[in-house]
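So the protein sequences, as listed, match chains A and B. Everything in the first sequence is counted per our numbering, starting at 1 for the first residue and increasing by one. Everything in the second sequence is counted per our numbering, starting at 1 for the first residue and increasing by one.
Hints listed in this document are in silico derivations from the structure and should not be mistaken for laboratory results. Using N, Cα and C, we set each Cβ at its ideal position, and we do this for glycine too. Misleading hints may appear alongside valid ones.
[As the list claims (entries may be wrong)] Covered stretches of chain A (chain B as the covering partner; in silico rule of three or more C-beta atoms under 8 Å from a C-beta of chain B):
hint, stretch
1, 123-130
2, 168-178
3, 347-361
[Unchecked claim] Using 20 Å as the maximum straight-line C-alpha spacing, the simulated SDA-like pairs for lysine to any residue come out as follows:
hint, chain 1, residue 1, chain 2, residue 2
4, A, Lys96, B, Met285
5, A, Lys85, B, Met61
6, B, Lys260, B, Val238
7, B, Lys80, A, Thr124
8, A, Lys303, A, Lys353
9, A, Lys263, B, Met61
[As the list claims (entries may be wrong)] Counterexamples of contact, computed for chain A against chain B with all Cβ distances above 10 Å:
hint, residue
10, Asn35
11, Glu49
12, Ala88
13, Asn120
14, Glu189
15, Ala199
16, Asn221
17, Met246
18, Cys247
19, Glu271
20, Ser342
Below, each chain spelled out in residue letters.
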Amino acid sequence: MKLKKTIVTLLGVVFALSTNAEEPGNLKTGFTYGNPGIKSIKAIAFGPENILFIGDNTGMTVYAVDVQDTQEMVIHELTLEGLDKKLAAAMGASTKDITILDMAVNPASKNVFFAVSKKNGEETSYALFRLGKDGLGEFPLENVSHSKKEITNAPAADHKTWKRPSRTYTVTDMHYVNGELIISGLSNEEFSSGLRRVAFPFDQKMLTTNVQVYHVSHGRNETHAPIYRFLPVQLENQWHVVAGYMCTPLVTFKLSELNGNKKLVGKTVAEIGAGNTPTGIISYTHKGKDYVLVGNNVHPLTKISGKDLFNAKAITAPSRERGVKRENIKLGSISHISDYDSTYILVMLRDKKSDSYNLKLISKDEV
Amino acid sequence: MGALIVLLTTLFLQTSFGPIAVTYEPTLPAIVVEGLEIGQGDSIDQRISVYFGELNESVLMPELIGDYRKEGHKILFRPKYGFVNGAEYTVVIGSTLGRSGRYKVSVPAARNDPSAYVANIYPSTSALPMNQLKFYIEFSKPMRFGGAAQYIKLYRMPEKVLETEAFLAMSEELWDPEGKRLTVFLDPGRIKRGVQPNLQLGLPLVEGRRYRLVIDKKWTDYKGATLTHDFVKEFTVVAVDRESPVPDDWHVQLPDAGTKEPLQITFNEVMDYGLLHSTIVVVNMENKRVNGTIQLARNEQDWLFTPNRPWGEGKHLIIINAWLEDLAGNNLRRKFDVDLNNPNDTPKTFKELKIPFVPIKQKL
């Protein structure tokens, strides 16, 4: 038995072996085995068929990695206290030296993945961890089936001639939908918004496109702030994007409007509140109804029904209008949120008292 | 029976070795275990475990991820994600015939004398518009990422009142690739008209007031050393700027052909430091980019471009991307926040501005 690969054994957890007989689809066209050469990890997101997308800011590249989960995890009650302490110990550091960058649940296996960085004197190192049947362990990325695509030249139409040594693009969120990876990010020189679209499987010839997304406040002021968290979601059988901005508006637009280099103005349906950062958006269907949840680091979890979100009118006077009908659920400071399975959502909460990060499954009946 | 004798011999040999020594070897760097005999077929990583810090009996903590290797009589452990300077590690040697034990290993703290400092904060002018959007903090050396916000303090003067909600709080830190320049946004939610933070709190800076921006010397560089001294920038706040820069009011000073004189653009207002380095290029008659060095003068109101090789003759072009902004985030094409009811605010459609020029031919 190789104990070293297993870090924490979960007690009180029921596991089931999955047949997982999914045929490798054509989504893995162009995948090769080996070291993808990932320089940094900023964001992770799952697509179908065990494909994990990894956003690398330093390498200005997105990777698709086949995690090949073969065992399905069925957890009825999962609480993991001090997740950050365990991740830090495994990386040989104290919690102040590490950052949990992102969390993603593999829809095929229900295994939970974490991207973690560690400050190491002169350099920062990055690791991927998997919480699965055998507990919490490192998921090494040195020899994996993968493909990759550079996003360096991304708003290519505008400035392919520019050499920008000081300019950076920081990935803030990524989602796979309908054969595309959509990426949101922050620039260190402008406070502006562009969603990047990359066709998947990655076609090396195809350029990524950059769509400028605007939102309107007070019915009259149109701005160009960056989208921080977003989610492609079906509302009333139409694909939409729900986008959370750092300076509080929650905006929706139709996915079909995300087209080329055309300017796109979203519909502002709510303002979450000042001094807050949206930390994740998820959607699910529970007891026949669609819901969208917005996790926040300061304000409570925001719950909106899909139908209300679809029918919401644009806010014209935020000081008087409340915006779309929504519930506020107090769970604490959410740093990451994922739709876990048909019964649960998974949240990572920051406990200020013990200064630690805890993982908690919450029944969809309770939110 | 024969097998039993072999086994007993093996165990005897193991116990007859000298004491086990566990040390940290900085040149490798690795934790080195000496005096522990590993039998054939015995896996090293089942005999030795390395933990960060002190081992706590009540909480099961994971071992360090890393690689164990046998080199001669020594066993080397190298953690995959490196050691931490000044940290302590516990090495547990698995129990076989009472030879188990715990060993503490310390990695020495790096001796770090402060040498890095804040080279400058941009904009370098001391009069900023009320809707100033961002600061660039430039350091002399690469810095350690994370926790930047605690070292940046804005005080309202002369009362020296700390402005606690002036900056945009976010987990991402916007460093340049070298780790020497950090971009800090004043809270755009307070600057954008019509959103709640703006309506509730107003703009972070108030016209007519004086402010002091202090960068704390406790900020550490990439080696973990603090800065040599605090950096202080004082400024006063002038009227709000809701106008895009006006290219008609710019002046271009032409260089002489055959010289390396700088080409100079004088703007009608102070422009954004970062974008002045990334949005302007010069191309020559053959439509090839002219390589050279950019310098800024008069507090980022002048842009000077010195070519690496003397200017050629004929038609050249200055190409300026419409993303070039002033201090308040108004770019050449659109204002930071557009009032849809104001026809003057309608964004323009051009992507780049082209300014043709011909280097002056010198009279013989």
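Against the structure, the hints:
no. : hint                : verdict
1   : 123-130             : holds (count 4)
2   : 168-178             : holds (count 3)
3   : 347-361             : violated (count 0)
4   : A:Lys96 - B:Met285  : violated (55 Å)
5   : A:Lys85 - B:Met61   : holds (8 Å)
6   : B:Lys260 - B:Val238 : violated (38 Å)
7   : B:Lys80 - A:Thr124  : holds (12 Å)
8   : A:Lys303 - A:Lys353 : violated (26 Å)
9   : A:Lys263 - B:Met61  : violated (51 Å)
10  : Asn35               : holds (14 Å)
11  : Glu49               : holds (28 Å)
12  : Ala88               : violated (7 Å)
13  : Asn120              : violated (4 Å)
14  : Glu189              : violated (4 Å)
15  : Ala199              : holds (24 Å)
16  : Asn221              : violated (4 Å)
17  : Met246              : violated (6 Å)
18  : Cys247              : violated (3 Å)
19  : Glu271              : violated (5 Å)
20  : Ser342              : holds (30 Å)
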